[in-house]
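Generate coordinates for the entire structure from the input sequences, incorporating the hints supplied.
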Amino acid sequence: MSLNETESYLKSPLFQEAMDHFRVGKWEEGFTKLGEVEKNYPMEPDLRTIRQEMDVRARITRYEMEENKQRKLHQLGKYSLRSFVTLVVLVVAFFTISTYSGWIQGQIVKAQSEVSENMLQAQLAVEYRNAQQLIIAGKSDEALIAYENIKAKNPEFPGLTDAIAQAQALKDIEIQYTQAMSLLQLGDSAQALVLLQDISQKMPNYRDVSLQVKSLQTQSEMTSVMQQADQAFAEGRYEDALSGYESLRLMDSSYQTGHVEDYLFQSYVKAAEALLAEPVPSMETLKKIDTYFSKALALRPLDREALAARTQVRLVIEDGMIGDYVSQAQAALASAPDSLEAQQLAEKYLGMALAVRPNDPNVLIQFQLAQAFIQAVSDFASSKWDLVIEQLETVIGQQAGYASGTAIQTLYDAYIARGSDYIAAGEYALALEDFQRSAVLAQQLTDSESLSFEAQIMIAEAQGLLNHFQEAVLIYQDALNTIGLRERIVALQNSLTDTLIIAEYTSSVSDYQSSFYAYRNLVRNRVRAYDQTTVVTIKSGDYITLLAHRYNTTVAAILSANKMNNQPRLTPNTQLIIPTLP
Numbered sequence: 006m007s008l009n010e011t012e013s014y015l016k017s018p019l020f021q022e023a024m025d026h027f028r029v030g031k032w033e034e035g036f037t038k039l040g041e042v043e044k045n046y047p048m049e050p051d052l053r054t055i056r057q058e059m060d061v062r063a064r065i066t067r068y069e070m071e072e073n074k075q076r077k078l079h080q081l082g083k084y085s086l087r088s089f090v091t092l093v094v095l096v097v098a099f100f101t102i103s104t105y106s107g108w109i110q111g112q113i114v115k116a117q118s119e120v121s122e123n124m125l126q127a128q129l130a131v132e133y134r135n136a137q138q139l140i141i142a143g144k145s146d147e148a149l150i151a152y153e154n155i156k157a158k159n160p161e162f163p164g165l166t167d168a169i170a171q172a173q174a175l176k177d178i179e180i181q182y183t184q185a186m187s188l189l190q191l192g193d194s195a196q197a198l199v200l201l202q203d204i205s206q207k208m209p210n211y212r213d214v215s216l217q218v219k220s221l222q223t224q225s226e227m228t229s230v231m232q233q234a235d236q237a238f239a240e241g242r243y244e245d246a247l248s249g250y251e252s253l254r255l256m257d258s259s260y261q262t263g264h265v266e267d268y269l270f271q272s273y274v275k276a277a278e279a280l281l282a283e284p285v286p287s288m289e290t291l292k293k294i295d296t297y298f299s300k301a302l303a304l305r306p307l308d309r310e311a312l313a314a315r316t317q318v319r320l321v322i323e324d325g326m327i328g329d330y331v332s333q334a335q336a337a338l339a340s341a342p343d344s345l346e347a348q349q350l351a352e353k354y355l356g357m358a359l360a361v362r363p364n365d366p367n368v369l370i371q372f373q374l375a376q377a378f379i380q381a382v383s384d385f386a387s388s389k390w391d392l393v394i395e396q397l398e399t400v401i402g403q404q405a406g407y408a409s410g411t412a413i414q415t416l417y418d419a420y421i422a423r424g425s426d427y428i429a430a431g432e433y434a435l436a437l438e439d440f441q442r443s444a445v446l447a448q449q450l451t452d453s454e455s456l457s458f459e460a461q462i463m464i465a466e467a468q469g470l471l472n473h474f475q476e477a478v479l480i481y482q483d484a485l486n487t488i489g490l491r492e493r494i495v496a497l498q499n500s501l502t503d504t505l506i507i508a509e510y511t512s513s514v515s516d517y518q519s520s521f522y523a524y525r526n527l528v529r530n531r532v533r534a535y536d537q538t539t540v541v542t543i544k545s546g547d548y549i550t551l552l553a554h555r556y557n558t559t560v561a562a563i564l565s566a567n568k569m570n571n572q573p574r575l576t577p578n579t580q581l582i583i584p585t586l587p
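Heads up: the sequence shown begins at 6 in my numbering, then just goes up one per residue.
No wet-lab data here; the hints were simulated from the structure.
Computed from a prediction, not measured in an experiment: that's the story for all the values here.
All C-beta atoms, glycine included, are put in the ideal place defined by N, C-alpha and C.
Take every hint as true, because none was put in to throw you off.
What follows is a set of in silico ranges between Cβ atoms, one per label pair, in the way DEER data are often shown:
1. THR538 x SER383: 26 to 32 Å
2. GLN233 x THR37: 50 to 56 Å
3. ASP167 x GLN196: 28 to 34 Å
4. THR37 x ARG529: 55 to 61 Å
Okay, structure coming up:
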């Protein structure tokens, strides 16, 4: 704790108010103000000590007040009893004085002795409890004095021997801690660490010992890393040296900043120069050299020699590499733009181009689109709907028809899936928003009737669960009629037909709530009414939204037909049923 920090909280008006309250015995008000001071100075350990001391004093004061009250009541009863006994004695004394005077005197002396002994024990009990509170407050010296005073009056007081041993142990710990802090001030961190580790073994929760030990251990480790890095630099092993200096910066960026940054800069430059000295540096070597110069310039952006060297290296490799990588990415996407394998290959080539020229806007946009799309497909398989939606909203915002429309299909199905999760969680308003967004997305695709149908029936479900039963029924009816599914269900003459009849009848008599639940049950089993299905064998690289887009259906319909329980991850070499609407 620095002098400025001490003056800061000692001069705080809140601290002065707290101490004023403590002086006059207003403990609650004092603790309230002291709490505000602790919020302003959370790292000040003296404030915790003051709180503990004031807490002890408050407890002692309250205890003494209670003891005084009990003592007064006890004395009043005792005096009343004595008065009564005295009166009785005076009445019978005349008749018994000659015979029992000696016995009475002995009883009086015995009673007085017992009263004195009881009062002494009560006083020692109070002193013992006060000493225990001093131990809690960390005041071992005062506690030892109190225990010794008790021992002088009653060496056999219960628990006194153990209490004295505990207080002496705490005092020894305090002495060790003071010695450790003094050694730290003198710069002898190694010996201070030994003392603090010993304290930690004896009393792990003592003050800030655990934090001090951890800090000193880290410092010792950093000293060792520094020595190894310096030795590697001196021996010309510059890559080993820069690895050590980089580790130091990760461990503690403020550790010997000047020395670490200076030698790290020199290590980058010398490591790059050593690689440049090779007869014919490979492309990978040139990239590594460029990286070293870039890191050196990050430390010293205005260093002319490093800047010139990096520029020279980049002139050799940039143009040819970028053109080649972009061409390969375009060729991969041209063959199958919605293929996950093609997207991953394009991402790879574009990433390599960006490694050469990170700020090329055209390459960067295409790379980010491919990267976001690939990640979205992966997140979709893991049911991470929020991430899918966030990534693909960005993708279609940049390029609406990305991946031949599969990006929109995937985003559409993510909204449907997240809305379904909201339905399960009872968040019907949020579900309605997602379903409405999916309906808008469906309109952006050609041949979007099946997607629009799925979105409409989900909107109807959300409306019904929000108690908008009539509106929900109308949406169900319109969706079934528009897609032609009603006529097919009527023609099937099965349980779906019965459910449809119930739904339409209850609607006709304005029982929209019953009609809603009938329609809801009907559309949940809608796949049974689809006029055709296709069985496909899953190949490596296939993903469910790709198949849904390719066969003009939805993920929800595929999952329902295959009873996959909302698990959209596909397994290669397995068969999948693809249902399609009439």
